[in-house]
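A.B. asks: Sequence:
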Amino acid sequence: MARTRDESSPLFAGNAAGTLRLIVYLALAVVLMVLDHRNGWLWRLRYTASAVVEPVYRLAGLPAVGVRTMSVAFADRQWLTEQNQRLREDLLLANAKLNRMAAVAEQNQRLKELLDTQHSLELNVQLARVIGVDLGAYRYQLTLNMGARDGVRPGQPVIDAHGVMGQVKEVLPTTSVVMLITDPSHAIPVVIERTGLRTVAYGSRDGDQLALPNIPLAADVRAGDKLLTSGLGGRFPPGFPVGEVASVAPAATGMFQVALATPAADLDRSEDVLLLHDQAEPDGPPAPVTPMGPPGDLAPGAASAAAPKPVTANGGVAR
Numbered sequence: 000m001a002r003t004r005d006e007s008s009p010l011f012a013g014n015a016a017g018t019l020r021l022i023v024y025l026a027l028a029v030v031l032m033v034l035d036h037r038n039g040w041l042w043r044l045r046y047t048a049s050a051v052v053e054p055v056y057r058l059a060g061l062p063a064v065g066v067r068t069m070s071v072a073f074a075d076r077q078w079l080t081e082q083n084q085r086l087r088e089d090l091l092l093a094n095a096k097l098n099r100m101a102a103v104a105e106q107n108q109r110l111k112e113l114l115d116t117q118h119s120l121e122l123n124v125q126l127a128r129v130i131g132v133d134l135g136a137y138r139y140q141l142t143l144n145m146g147a148r149d150g151v152r153p154g155q156p157v158i159d160a161h162g163v164m165g166q167v168k169e170v171l172p173t174t175s176v177v178m179l180i181t182d183p184s185h186a187i188p189v190v191i192e193r194t195g196l197r198t199v200a201y202g203s204r205d206g207d208q209l210a211l212p213n214i215p216l217a218a219d220v221r222a223g224d225k226l227l228t229s230g231l232g233g234r235f236p237p238g239f240p241v242g243e244v245a246s247v248a249p250a251a252t253g254m255f256q257v258a259l260a261t262p263a264a265d266l267d268r269s270e271d272v273l274l275l276h277d278q279a280e281p282d283g284p285p286a287p288v289t290p291m292g293p294p295g296d297l298a299p300g301a302a303s304a305a306a307p308k309p310v311t312a313n314g315g316v317a318r
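Here numbering that gives the first Met the number 0 is used: position 195 in the sequence shown is 194, and no number is missing along the way.
What the hints contain is simulated information worked out from the structure, not anything from laboratory work. Beta carbons: idealized from backbone N, C-alpha and C, even for Gly. Mixed in with the good hints, there may be bad ones.
Think about it this way: if two alpha-carbon atoms lie no more than 20 Å apart in a straight line, the pair counts; the simulated SDA-like pairs of lysine to any residue are [said to hold, decoys possible]:
| no. | residue 1 | residue 2 |
| --- | --- | --- |
| 1 | 168 | 184 |
| 2 | 168 | 138 |
| 3 | 225 | 197 |
| 4 | 225 | 214 |
| 5 | 225 | 257 |
| 6 | 225 | 212 |
| 7 | 168 | 214 |
| 8 | 168 | 203 |
| 9 | 225 | 186 |
Computed beta-carbon distance windows for the label pairs [as the list claims (entries may be wrong)]:
| no. | residue 1 | residue 2 | range |
| --- | --- | --- | --- |
| 10 | 64 | 33 | 37 to 45 Å |
| 11 | 73 | 32 | 47 to 55 Å |
| 12 | 221 | 144 | 38 to 46 Å |
| 13 | 169 | 93 | 30 to 38 Å |
Construct the entire structure; sequences and hints are all you get.
C.D. replies: If you want it as structure tokens, here you go:
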């Protein structure tokens, strides 16, 4: 729809006043451009206007800046949390490896001590690992990973790098049960190293000490004396450490002294033990000597000369 003459813009009106107004505006624009080009007035005006308007721009941009800052902070926090979690896992893994290495080093040290014991004493031994511990009421036993298939026999002595641990009580096809020397039902003949006194060490009810209840009152026994196997009975070879006397006191009956000793072996810490195969011979009368006659290639005369002469009733030799 075409505009009427009254609705047209007054700047482009068809009369002389409108044309003059246009010319004035154009002249003013040219003057401002020239002045701006030579003196920079409009630049100063824009600089001042920007200083006034800049806070408005900053205020208008605050929501966007806040959202961006929160997103960055959340992303950084999440990244730091994940990195912290990874570092904690790495630290735990490193500590686990370090503890494992320490355990392996300790185990190697114990094995080295066992091998040193074997080489120094030149024993025929068999290495076994402890796979079970039974420290119940009045019963102190270990279970080993060796059994009848490995040549283990009942009564076989068991030692570690520090001393006697006990003896094999029960043998199964693949495992065996060891009674510790601290078991109340166990007894082991011992000798006091300093004085040579022989006695018997029994297991105690508390399971961590040995009791020597039959020491004569006149015997010289002191705290700190070393106990060694005496070899009596033929079960344990002589000379193995058994324990150390911790205390000595008169018995309640007043007829003997009672000593308590600490075992020399690491009964509650050893993981590897040695089974002795060379046991002492049982004590007893010597076996009778098999009589031997003269060699068959001797002459009859020599045989008669070598034959023993009869003994008379009074112990003389018959002519």
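A.B. asks: Does each hint fit the structure? Answer for all of them.
C.D. replies: Do the hints match the structure? See the list:
1. For the given pair, residue 168 sits about 11 Å from residue 184 by alpha-carbon distance, which is consistent with the 20 Å threshold.
2. With a CA separation close to 12 Å, the supplied pair residue 168 and residue 138 stays within the 20 Å bound.
3. Distance check on the hinted pair: residue 225 and residue 197 sit about 12 Å apart at the alpha-carbon level, within 20 Å; holds.
4. With a CA separation close to 15 Å, the supplied pair residue 225 and residue 214 stays within the 20 Å bound.
5. Annotation: proposed proximity of residue 225 to residue 257 holds, straight-line Cα distance about 15 Å (limit 20 Å).
6. For the hint linking residue 225 to residue 212, the alpha-carbon distance of about 16 Å falls within 20 Å, and the restraint holds.
7. For the given pair, residue 168 sits about 28 Å from residue 214 by alpha-carbon distance, which is inconsistent with the 20 Å threshold.
8. Between residue 168 and residue 203, the direct Cα distance comes to roughly 18 Å. Compliance with the 20 Å bound is thereby established for this hinted pair.
9. Distance hint between residue 225 and residue 186 is fulfilled; the C-alpha atoms sit about 17 Å from each other, no more than 20 Å.
10. For the pair residue 64 and residue 33, the supplied restraint of 37 to 45 Å holds, since their beta-carbon distance comes to about 41 Å.
11. For the hinted restraint 47 to 55 Å between residue 73 and residue 32, the CB-CB distance of approximately 51 Å keeps it satisfied.
12. Distance hint check: the CB atoms of residue 221 and residue 144 are about 40 Å apart, consistent with the given range 38 to 46 Å.
13. Between residue 169 and residue 93, the C-beta spacing of about 44 Å breaks the proposed range 30 to 38 Å.
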